[in-house]
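Number of protein chains: 2
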Amino acid sequence: MKKRLFTPGPSAVPEEVLLEMAKPIVHHRTREFFDIANEALEGLRYFFQTKGDVAIFSSSGTGAMEAALVNSVSAGDGVLVLSAGKFGERFASIGKAYGCHVQSIEPGWGNPFDLAEVERVLRKDPKIRAVCATLCETSTASSCDIEGIGKIVRQYPETILIVDGISGLGAVPCKTDAWGLDMVVSGSQKALMLPPGLSFLSVSEKAWNAIERSTLPKFYFDLKQYRIARKKNDFPWTMAVSLIRGLKKALDLIQEETLEIMWKRHHIRAEAVRAAAKALGLKVFSKTPSDAVTAILLPEEVKGDLFVSQLRDKFGITFAGGQDSLKGKIVRISHFGWQDEFDTLTAISALEVMLTEHGYPCDPGIGVKVATPILFS
Amino acid sequence: MKKRLFTPGPSAVPEEVLLEMAKPIVHHRTREFFDIANEALEGLRYFFQTKGDVAIFSSSGTGAMEAALVNSVSAGDGVLVLSAGKFGERFASIGKAYGCHVQSIEPGWGNPFDLAEVERVLRKDPKIRAVCATLCETSTASSCDIEGIGKIVRQYPETILIVDGISGLGAVPCKTDAWGLDMVVSGSQKALMLPPGLSFLSVSEKAWNAIERSTLPKFYFDLKQYRIARKKNDFPWTMAVSLIRGLKKALDLIQEETLEIMWKRHHIRAEAVRAAAKALGLKVFSKTPSDAVTAILLPEEVKGDLFVSQLRDKFGITFAGGQDSLKGKIVRISHFGWQDEFDTLTAISALEVMLTEHGYPCDPGIGVKVATPILFS
Chain A
1 MKKRLFTPGP
11 SAVPEEVLLE
21 MAKPIVHHRT
31 REFFDIANEA
41 LEGLRYFFQT
51 KGDVAIFSSS
61 GTGAMEAALV
71 NSVSAGDGVL
81 VLSAGKFGER
91 FASIGKAYGC
101 HVQSIEPGWG
111 NPFDLAEVER
121 VLRKDPKIRA
131 VCATLCETST
141 ASSCDIEGIG
151 KIVRQYPETI
161 LIVDGISGLG
171 AVPCKTDAWG
181 LDMVVSGSQK
191 ALMLPPGLSF
201 LSVSEKAWNA
211 IERSTLPKFY
221 FDLKQYRIAR
231 KKNDFPWTMA
241 VSLIRGLKKA
251 LDLIQEETLE
261 IMWKRHHIRA
271 EAVRAAAKAL
281 GLKVFSKTPS
291 DAVTAILLPE
301 EVKGDLFVSQ
311 LRDKFGITFA
321 GGQDSLKGKI
331 VRISHFGWQD
341 EFDTLTAISA
351 LEVMLTEHGY
361 PCDPGIGVKV
371 ATPILFS
Chain B
1001 MKKRLFTPGP
1011 SAVPEEVLLE
1021 MAKPIVHHRT
1031 REFFDIANEA
1041 LEGLRYFFQT
1051 KGDVAIFSSS
1061 GTGAMEAALV
1071 NSVSAGDGVL
1081 VLSAGKFGER
1091 FASIGKAYGC
1101 HVQSIEPGWG
1111 NPFDLAEVER
1121 VLRKDPKIRA
1131 VCATLCETST
1141 ASSCDIEGIG
1151 KIVRQYPETI
1161 LIVDGISGLG
1171 AVPCKTDAWG
1181 LDMVVSGSQK
1191 ALMLPPGLSF
1201 LSVSEKAWNA
1211 IERSTLPKFY
1221 FDLKQYRIAR
1231 KKNDFPWTMA
1241 VSLIRGLKKA
1251 LDLIQEETLE
1261 IMWKRHHIRA
1271 EAVRAAAKAL
1281 GLKVFSKTPS
1291 DAVTAILLPE
1301 EVKGDLFVSQ
1311 LRDKFGITFA
1321 GGQDSLKGKI
1331 VRISHFGWQD
1341 EFDTLTAISA
1351 LEVMLTEHGY
1361 PCDPGIGVKV
1371 ATPILFS
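Taken in order, these protein sequences are the chains called A and B. Counted from 1, the first sequence has number 95 at position 95 by my numbering; the numbering is strictly sequential. Add 1000 to a position in the second sequence, counting from 1, and you land on the number used in my numbering.
Simulated from the structure, these hints should not be mistaken for laboratory data. Hints are supplied without guarantee of correctness; some may be wrong.
[Said to hold, decoys possible] The calculated DSSO-like cross-link candidates involving lysine-lysine, where the alpha carbons are at most 27 Å apart (straight line), are:
{"hint": "1", "chain 1": "A", "residue 1": "Lys231", "chain 2": "B", "residue 2": "Lys1096"}
{"hint": "2", "chain 1": "B", "residue 1": "Lys1303", "chain 2": "A", "residue 2": "Lys232"}
{"hint": "3", "chain 1": "A", "residue 1": "Lys23", "chain 2": "B", "residue 2": "Lys1003"}
[Claimed, not checked] To spell it out: a stretch of chain A is covered by chain B in this simulated footprint if at least three of its residues, at any positions, have a beta carbon under 8 Å from a beta carbon of chain B; those stretches are:
{"hint": "4", "stretch": "13-19"}
{"hint": "5", "stretch": "23-29"}
{"hint": "6", "stretch": "95-101"}
{"hint": "7", "stretch": "186-195"}
{"hint": "8", "stretch": "240-246"}
For every residue, glycine included, the Cβ atom is placed at its ideal position computed from N, Cα and C.
Hey, can you work out the whole structure from these sequences and the hints?
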């Protein structure tokens, strides 16, 4: 059975990237490897839209979220988390695990943040050393006004802005330097079109100053050790050489396409799926939908978990279901990874077929009809 | 140019494992992936020789070394490190980074440990909660009597034994349960014949008790979160699905061969290289050489770094040089990874050719002559 991944991570990887990673192993302390790694780092700077440092870790995205906090704050420091989904909550959990004083702004899953409230909280509590926000909250498929938050946080010289860009970066605009984002976290298995296993963390000058002050314990994720090694054109630990090979290749493809075109294509695909959902009489869950992934509320009579597993088992098409409080209630369709406009139509057709099978009859093609002109105009 | 890796990590990966990892990405929360992962975990239990738990992390081996300590001890706890090389020293650095009271037994690089001293120190200081030892100290290519240390530490009910088996496991005997090893760390890029990117940590019942007491902060490497997820047949974070695919395949090959045959083959290859070195008038560096990797002291007139880089650039053959105080003085030839007995002869021939080029003339074949009967008897 042919398989198609529409999950918001991991995403499908281009065949040429898969084969690049299947090449024989090179030693991680050779010129051959450093040439590949340095080109990949140059590509990452473009991907992050920064002239600053981007660190690469072998870990899931959560590892780099932890790296951001343990390197920049100390026990007892205030951490303000903008939390409206599972991944916002994760920032809060990490901060608490390390003894930070965590405050969360929680408008509820899928709801937008009131930036005036962010400003109020920051003004009231001068001990806040880090603000954590999420570019695309994958659990609710919501976007967030990171540019606006950047404008607020940059006014506080001792407070940094940490952005979880794991599932958003590359899919939606995010300009690390121009927007004043001090640390942006990302992962390999999303718009970068790589397997999971690598995570990334950009570090601004302001963040480096915070790193100097931080006293939280760390070792594997220690950015100071990382910087010392990089100054000798080395890395502190053994790098995942095959994934780095793939990273370089994937970034070559992205630079060839350009981020502007990538952002536009993700936007168009998301618009197409949102229009199709509407045509099918369904609602998009989020009040501020992201262009990286779309969450569609299922009709009440449809059992979401069964819907997702049957789609996968019968047709090889994998959507994601809902997490935690959204379990069984939504399906999430990603717009990133190795997919094109015809794949988007396939996802919409799959939705139509499976909805009908689940007792929510829809005329075949009703979603495709409205999506096609959006995708191909 | 054909390339051959004899470095003590990363090692060469079998072609069929490379191609297994090039298969299309599966989602990490599907039955298909859990089936692969659970078979890999079963294979890891065999590889570690344990009926207990083995955790998989996306990280380098250093990450799992940190995981072992941060999960099992608390700030101020005593940690005894048996340190006679770079990786013993790393355990000490991690313990210090987390505020443990670290004591090291340091016989000097390449020298063996006096087990009576280990016993004396443990008896004198009842606050020691963890003893850290290294199965194969890669920096000096030395073995360590882990079985003997296990017999001592098991007498202390509140002290666990943590073993860095990163470059030793699979190459030399190491019986986690039978020897009473509470936590054994390993990595993907050594005898397991995978690319770097995964690390592993076995956990005994005694170690789980220590984990209950530990108060050090942790999140990504938190074994309690890991255990909660595993109870639901899940993993806490997104797993590196392509590497896990390769892991299952590599462990299939290892189980087919059996560990006993693997250990014997590594021993024979190491014996062959040691005999060849002797025939060439050279000395093995370590007083207790490991069968995982051999470190050969170069003649004084040979510049070690140039030796290694020329071998790589001219012939595509990669040995490792020395690290830190051994920089330029030794070459290290690994016996693990995707190599057979003819590869061992190739390594010996390469040594002969390059020694002659560096002004240390040796009759061609003098090493091969003594190694061949050892390899093929």
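Quiz prompt | Hint check against the structure, violated hint numbers in rising order | solution = Checked against the structure, no hint fails, so every one of them is satisfied.
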